[in-house]
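*Asks:* So the sequences go chain by chain: P and C. Heads up: the first sequence runs through residues 1 to 306, numbered per my numbering. Heads up: the second sequence runs through residues 307 to 612, numbered per my numbering.
Since the hints were made in silico from the structure, they are not lab data. Just so we're clear, the structure is a prediction, and the values are computed from it rather than from any experiment. No false leads were mixed into what you were given.
Within a straight-line C-alpha distance of at most 25 Å, the following computed SDA-like cross-link-like pairs (lysine to any residue) qualify:
1. P:Lys56 <-> C:Ser418
2. P:Lys44 <-> C:Glu533
3. C:Lys483 <-> P:Asn279
4. P:Lys251 <-> C:Thr421
5. C:Lys483 <-> P:Glu260
6. C:Lys557 <-> P:Glu33
7. P:Lys177 <-> C:Asn585
Chain P residues, not near chain C, derived (Cβ > 10 Å throughout):
8. Lys44
9. Arg86
10. His144
11. Asp205
12. Gly224
13. Asn279
14. Phe292
15. Lys294
Selected chain P positions facing chain C (in silico; Cβ < 10 Å):
16. Lys30
17. Thr110
18. Ala176
19. Lys177
20. Asn180
21. Ile226
22. Glu227
23. Val230
24. Glu272
Heads up, the beta-carbon is just placed ideally off N, CA and C, and yes, glycines get one too.
Protein chains: 2
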Amino acid sequence: MLMSKPQVLFIAGTHGNEINASWLINQWIKKPEIINVNDFEVVKVIGNPEALHNCKRYLDCDLNRSFREELLNDDQLALYEIERARELLLNFGPKGLNACQIAIDLHSTTSSMGTSIVVYGRRPADLAIASLLQSRIGFPIYLHEGDDNQKGFLVESWPCGLVIEIGPVPQGLLNAKVINQTKLALNIFLEELGKLNTKKAFFPDKIRVHRHVKSIDYPRTVDGEIEAFVHPSRQGSDWHPIENGAPLFLKSDGSVIRFEGSETFVPVFINEAAYMEKNIAMSFTKRETWEFSKDWESAIYSILSL
Amino acid sequence: MLMSKPQVLFIAGTHGNEINASWLINQWIKKPEIINVNDFEVVKVIGNPEALHNCKRYLDCDLNRSFREELLNDDQLALYEIERARELLLNFGPKGLNACQIAIDLHSTTSSMGTSIVVYGRRPADLAIASLLQSRIGFPIYLHEGDDNQKGFLVESWPCGLVIEIGPVPQGLLNAKVINQTKLALNIFLEELGKLNTKKAFFPDKIRVHRHVKSIDYPRTVDGEIEAFVHPSRQGSDWHPIENGAPLFLKSDGSVIRFEGSETFVPVFINEAAYMEKNIAMSFTKRETWEFSKDWESAIYSILSL
Numbered sequence: 001m002l003m004s005k006p007q008v009l010f011i012a013g014t015h016g017n018e019i020n021a022s023w024l025i026n027q028w029i030k031k032p033e034i035i036n037v038n039d040f041e042v043v044k045v046i047g048n049p050e051a052l053h054n055c056k057r058y059l060d061c062d063l064n065r066s067f068r069e070e071l072l073n074d075d076q077l078a079l080y081e082i083e084r085a086r087e088l089l090l091n092f093g094p095k096g097l098n099a100c101q102i103a104i105d106l107h108s109t110t111s112s113m114g115t116s117i118v119v120y121g122r123r124p125a126d127l128a129i130a131s132l133l134q135s136r137i138g139f140p141i142y143l144h145e146g147d148d149n150q151k152g153f154l155v156e157s158w159p160c161g162l163v164i165e166i167g168p169v170p171q172g173l174l175n176a177k178v179i180n181q182t183k184l185a186l187n188i189f190l191e192e193l194g195k196l197n198t199k200k201a202f203f204p205d206k207i208r209v210h211r212h213v214k215s216i217d218y219p220r221t222v223d224g225e226i227e228a229f230v231h232p233s234r235q236g237s238d239w240h241p242i243e244n245g246a247p248l249f250l251k252s253d254g255s256v257i258r259f260e261g262s263e264t265f266v267p268v269f270i271n272e273a274a275y276m277e278k279n280i281a282m283s284f285t286k287r288e289t290w291e292f293s294k295d296w297e298s299a300i301y302s303i304l305s306l
Numbered sequence: 307m308l309m310s311k312p313q314v315l316f317i318a319g320t321h322g323n324e325i326n327a328s329w330l331i332n333q334w335i336k337k338p339e340i341i342n343v344n345d346f347e348v349v350k351v352i353g354n355p356e357a358l359h360n361c362k363r364y365l366d367c368d369l370n371r372s373f374r375e376e377l378l379n380d381d382q383l384a385l386y387e388i389e390r391a392r393e394l395l396l397n398f399g400p401k402g403l404n405a406c407q408i409a410i411d412l413h414s415t416t417s418s419m420g421t422s423i424v425v426y427g428r429r430p431a432d433l434a435i436a437s438l439l440q441s442r443i444g445f446p447i448y449l450h451e452g453d454d455n456q457k458g459f460l461v462e463s464w465p466c467g468l469v470i471e472i473g474p475v476p477q478g479l480l481n482a483k484v485i486n487q488t489k490l491a492l493n494i495f496l497e498e499l500g501k502l503n504t505k506k507a508f509f510p511d512k513i514r515v516h517r518h519v520k521s522i523d524y525p526r527t528v529d530g531e532i533e534a535f536v537h538p539s540r541q542g543s544d545w546h547p548i549e550n551g552a553p554l555f556l557k558s559d560g561s562v563i564r565f566e567g568s569e570t571f572v573p574v575f576i577n578e579a580a581y582m583e584k585n586i587a588m589s590f591t592k593r594e595t596w597e598f599s600k601d602w603e604s605a606i607y608s609i610l611s612l
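Same shape as in the complex, but just chain P (with noise of 0.2 Å):
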């Protein structure tokens, strides 16, 4: 099926206990004037519906960890976030019967991100995309790239897609500031997007990145338990530099673990709930400028056959 013009993929609730976003959408799809969308043709969709009626991350498999070859090409997988992603990709994927060419996929943190943009790799499209956030209202920008532990992100699986992350709100909880900065968020792109369209986008000369370097994971006891929090002068503190010497973790005796290297580092993610699991306590970046590169802008105006 041919679209008239390009398509664009919003999903919420990809984490079915990130329900403010969701909840936003659903409102969205019922009442469609609360957010304009400039003409623009958008799909609006819950990621994980099952997941969301449970108030849970996930039912069988992390939905954002499932848009991986290996697991999507395996007739033996059926596990439920397995077979929504094929789904996912089936009805909106670029090749998809009703087929989106970008994806933006918003979820909440319990970590104080504020209003930032994930991107996953340096792929020029989302760069461009990221770009138009940043330089219009400052969003930071959290580059994910070289991480063997973190495969299969959803927005990887079309040609430009990016993650809006907002927080800190718990699970499972509706917030109004974070309801209000979801709609924000969507009310900028959006508006971007339309300035795309007719050509009157700007670009900025730089873009500020924060590259992944590592996750870092509590200290644990020799049968895995966590035996130290994130340390309060840390808590919170998403997006400001650590350096050798800082507090880092606190045991319940009162005794401080500090940060010990030579580099300084960019924490970013400290102390999300759901990534416990994942044993990371929190990820390094490097804060980095970039130069804005005109291949992202033709990369953009490509997908968007403009």
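Fit chain C to the known structure of chain P by using the hints.
*Replies:* Chain C alone, transformed into the frame defined by chain P:
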């Protein structure tokens, strides 16, 4: 089995996704020196270990609504939490193998309750303990009573018992501030218990109580879906009075639902994640000042056999 002196039960993880107190209790079991018990006999236990293991509030039903005679005595009922309630009473109940006279049940909440005390009904010994804690450090007291929809609280099965409720904190997340608040509350409770033991406790003349009046639900559609969230000016405002005309909820189209009523209430447990399924957006209380009663003092001394 006759105990040489009264025993106090400290219970955490009665809800399996409230992990801060559970973590602290487990640390305390391993490192008894982190909290000074003032020569008191204490028993430390995880209320719902299976739910904690799964980081869920409960498996079959809410353990902290399971301590009702008709449930405990129904031999046909084999739900995990009902059996766990029986087991806790058999082991640590007032007539148990390792009998305890006072139960302190440690909870956390996504609401901005600070460190607060919840008492169920008006049992004199509970009010005596609550009075000591409030006069010592100002913890607010929520008196839960007259609520036919909410019954069977754990501490009601002990001669004296209260809940210490701390928030805001997401479910399933270790948070430095909440762990420290929990530890402080335990330390102060144990110090006051030590003073009772040596008859040096200082009771106040008056206490301030927030008496439960009613709970209100989120605005919902006829299908039962939540159609408005807690207004940003009310979110996080637990313990702050609400008056006629004040913003209460906000809808996705921006329209405000206001509180209507001639009485002033003090809302508590505003937007507690676990209460969505109980159709509770917040509870309204009346703030009252009560004269301290000598009966409360004699009740706690009697329970402690002092």
